[in-house]
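Trainee: Residue-level listing of the chains:
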Amino acid sequence: MASDTSKHVVEMRNIVKRFGNFTAIHNANITIGRGEIHALVGENGAGKSTLMNVLYGLLPRTEGDVLLRGKSVHFSTPNDAIAQGIGMVHQHFKLAPSFTVAENIVLGAEPTLAMGRLNMRRAETETGELSKRFGLDLDPRAMVGSLSVGLRQRVEILKTLYRKAEVLVFDEPTAVLTPQETRELFATMRQLAQSGHSIIFITHKLREVLAVSDRISVMKQGEIVATIDNKDVTAQEIASLMVGRSVLLRVAKDEAKPGGRTMLNIRNLTALGERGENAVHKLSLSVRSGEIVGLAGVQGNGQDELVECIAGLRQPAGGKIEICDKPLGATPADNRALGLAYVPADRGGVGLSLQSSIWENMTVGHLPKFKRGQFLSIGDARARADELIKRYDVRGATLDKAAGSLSGGNQQKVQIARELSREDGSLIIAEQPSQGVDIGAIESIHRILVEMRDAGKAVFVISADLDEIFSISDRILVIYRGQIVADLKASDATQEEVGRYMGGLETPIVDTGASVKEPARVC
Amino acid sequence: MSVETLSAPTTRPYLTSLLSAVVNPIMALAIAGILGALLVMALGENPFEVYWLLISGSLAGIPNILVTLQMMTPLLFTGLAVAISFRAGLANIGAEGQMLVGALCAGIVGFAVDLPALLHVPLCIAAAFAGGMAWAAVPAFLRVKFGVNELVVCLMMNPIALLLTGYFATHVLKAPGPTNKLPDVLPSAKLSTFSFYSQVNTGLILALVLCVVLAIINARTVRGFEWKIIGLSPKFAYYGGIDVPKRALNVFLLSGGVAGLAGAEQVMGQFGAYYDNFSPGYGFDGIAVAMLAQFHPIGVIFSAFLFGALNSGSGVLQMMTGLTKHLVQVLQFIVVLVLAAKISWDWLTHFKKPSEITMRPSRSSTTSET
Amino acid sequence: MSRFNLRAGLTIASLLMLSTLSIAQEGPRVAMVTSESGLGDRSFNDMMVEGMERAEADFNAEYVVIQPRAVSEFQSTLARAAGQGFDIIIGSSFDMIEPMRAVAEAFPDQKFGLVDVSDEPVADNVVSTVTKDWEGSFLVGWIAAKTTKTGTIGFVGGADIPIIHRFFVGYYYGAKMANPEVNVIETYTGSFTDPAGGKEFTLANVNQGADINFAVAGATSAGVIDGAVESGTFAIGVDSNQNYMAPGSVLTSMVKRVDTQAYDMIASVANDSFIGGNVLYYGLAEDGVGAAMDEHNAGLIDEEILAEVEELKGKLLSGEIVVPNYFDLTPGQKEMGTPPMATPPSVANAK
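Protein chains in written order, with our numbering: chain A, 1 to 523; chain B, 1001 to 1370; chain C, 2001 to 2351.
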């Protein structure tokens, strides 16, 4: 894809952003050409979002210039930026679910009739035309709440295009998408670029960077350390630039030596989803001590419900679950007592209390250990938390800092430290362990999980990221429509094969009945 | 080395939480003070004179101080009750109703049971605690078992309590005479007062002790730790093995019981009988007191003292100027408004960082386009 | 020691207070302590302020209004006011009797006034007033009996207690004097704070033929007035002028002139004629009671009846008529008042 980089649409010169004494951005320089897809990569906390928030008017810059089409600009609010043709597609959509697609798109810039009445018909035709022009197929009258995540993202994109954005910033757009949706998004991005739009693509997934971008800027600790043409670089090189050292993308580990004991045994489990459908249907699986089992599957095929059942956060509708040969308890407390250690995907909601301090987050789940009569031995709890911070290398952590002030990767380390430091934990469930985590941290998290395996524990990893599944699993299970459709030895399996199972194309023909919900279909 | 890490951490969080519980309210008070001064000027009075009267009228001389303590006492109980529940994420705004029912129970046991003081006083206090708890049980149970919003239930329980206690005081157990009240409690159920100038009584000591005990429970015990985690993130607490429904129910009942004690102090110490509709809104003032204290039990002592002082000073202010009691009420409301604004500001600035918070992908995203 | 502290505190406090006073006043300094319902009650508290305003105009009195928020604050409020050098402290509430006695005894040099609640002397330095509400009730009873079309009138009391019986006896005496044949229904709701009950009782009385009901029931009276509006009959208000509450349906109100009582207390201080330790009665002669006439009940009572009322007042003032006070009656007594008439059945049949 040829791009005309000689003519810069956006130029950020010597940008410095300080928060008090802390310098988040040091002298960043970046140029975006017309029709260019420019990837901005870096670990979490490297300053990517901060830099883009400066561009978008969400944060005032401390020093430096922002040039738009060669002219110096100063945005004090996002509205200024939008008026000048800059649009942002947020990772967490800012949409009203009870409004239609058209209503969401025009919200705040509504076409009106006389007397300020909303011209809904015009809103719908304009929305329809816009979506056709960019190949973003959408029904303007559909309720946003009923749309899939991928479609909602399209609404976000159309929203910026409706406001005549020429520069679009995508903030980790693929984090919430299925592989199929990701491919479609990339096609859209290319089409937008061809029609003259400039795209800034924030991510830390290297494969995606190489798949779609023209140029790549790498950020590290608030600086842009390199801007490179896509064709001149490999994933390994980008990764090295990001973390400053060569990263092993596949964890070095020995052959698994599974023990005889089944730590997790699930038989004919059925669980209902949010709408009362059979999200998990007569599912059976087992995980033995000394092995890492990866569960692959397209989001929405029952993984969430399955994990919640094991964790005691959801009541199964049928079947049985045994943890370390004992039937599942009634509450999470009971399951912890049975030896379950669970690292949930929802760090902010379930796995951590973001407003609480780090020592408190590390102490929950270990209260019996620090109980002295009715009193809590705060000294011992803090001493242990301090030790865990060091042992698990939680960066930027102090005991009294709020967990929410840490970067995603370090939040994940706090969870993992708390869960895996349990002496009595013999079954480890890690759900999306590397979601939103930077590469350096992914590596150390994977290493910890392998150590746990080698110590004879059973490890069950649920991940939407096939790279991750292949990187650490000894055995790979594939879930589709609430059932396990494949059980493969990791060393023999290929990504293509697993992908086919995920898509349901190699489903062993088992008719599971009428109540099975509509699956995610992949072409 | 290890000694350092052990000793330093134990004191610091306690101090910092106590500090933040004091510093922020001072800012709120300063802002309220300035707004109040503007208001006083708009009324054509000299704000310095008014503030001086408020301060001297609440603090200059033993009588004024004693009146301050009298007016502070019910707010200690209700403020503490609200603080306990809010810290655990339960919005018990029904302290008014719980106090009324507690007061009625103390009033009935106080006149109907004849016992030596050593037994009578504790029995009345227990009755008030039980009454407040029983009244809190309704919103607590509905909240914990069925997820019914406790704000709404509490708001409805308050007028029901007023009407129910009113029914007892005007019909069922009405004392002879023109006033709607129960018969006077027996001398054996009276809390001792100290001075002719004020109805402040031994109930104040009970309230202060309770505040200290709750502060210790919050800061030092497993329960206190669990309440705090439940308050900040109930899902996390449940996941972490805390029995959230049971703890929440217990905290709500405890909060109601403490609110009931406010009623005991009023009946046994200040009024000497259950009077119909006796409260000028101590339960609601308790919400403001707890907010100002940032739900810290020791902070409640300071903020209840402040509110008590404002009310006490208000009496002198009315004696010395043409200003009405409403001025002081408006000043109190301004404090609450500033605090509310501060809390919403914190909320906005704390949570408006979408990139910092990881969310699980939406679960309803099961259907995908072709 | 505590005594010393009290003194010291008071001295400091009064010095502070004095410093805030601008110019020396010639007139008396008055503190009015309201009942817990405070100003804006459109009843005793507001009426007493009217008396204060008149005293301000006539004697250059300077007054402040102190509003305790609860009964429990009465004693401390009175005690602190007693230290501030007021010439008189005036209050009005049944629940203020004991606090005022305690404070008056502790401050023997401070003058106090207690309006319309205690018919017994409170303390040597307290002047207490009692409204001869039986005389006012007599007047409205007389008007009701003259106005009724059905020959039956009603009485809705808040509670079956002596102080309310006093209203009833006056009302009954007046009604029977106007028309010996008139039927008077005597009812008590049992509550002073139950408007719904007041309405029920009123409608029950209306069913028995009463087309005028006298409400002596505090907040319950509002229900009596509602009942009158709903049934198209008349109510008679009590204590303060309640004619405005339902213009056209409130025949009149038996007004206790607590403003006059407060005014007279201030006057006695201004004229150096204050005598404590006694009870002053306020009847028609003292302008202490009346039947309220204003734009809200204009035309409801015949001109002739109004003219006869003036005549009746003359007889009361001359002593030709003496309205009986329930407290002077003994249970089972058969006749009462001057001229003597039969006691109501509730008295005649009482044991």
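Be a bit skeptical, because a hint or two may be false.
[Said to hold, decoys possible] If you want the ones that stay clear, here's a sample from chain C, every Cβ over 10 Å from chain B, calculated: (1) E2053; (2) R2069; (3) T2147; (4) E2304.
[Claimed, not checked] If we take Cβ atoms under 10 Å as the criterion, some of the chain C residues that face chain B in the derived model are: (5) P2068; (6) G2158; (7) Q2333.
Please keep in mind that the hints were generated in silico from the structure rather than gathered at the bench.
Heads up, the beta-carbon is just placed ideally off N, CA and C, and yes, glycines get one too.
Trainee: Please go over all the hints and tell whether each is borne out by the structure.
Mentor: These are the hints, each one checked on the structure:
1. Consistency note on E2053 (chain C): stated as away from chain B, and its beta-carbon is indeed over 10 Å from all of that chain's, at 12 Å minimum.
2. Chain B draws R2069 (chain C) into its interface by the beta-carbon criterion, the shortest separation being 4 Å against a cut-off of 10 Å.
3. The beta carbon of T2147 (chain C) sits about 29 Å from the closest Cβ of chain B, which is more than 10 Å, so the claim that it is off the interface holds.
4. No Cβ of chain B comes within 10 Å of the Cβ of E2304 (chain C); the nearest lies about 37 Å off, and the non-interface call holds.
5. Of the supplied interface hints, the one on P2068 (chain C) holds, with its beta-carbon coming within about 7 Å of a beta-carbon of chain B, less than 10 Å.
6. Hint on G2158 (chain C) holds. Least Cβ distance to chain B is approximately 9 Å, under the 10 Å limit.
7. Nearest Cβ of chain B to the Cβ of Q2333 (chain C): about 22 Å, over the 10 Å cut. The hint is violated.
In summary, the numbered hints that this structure violates are 2 and 7.
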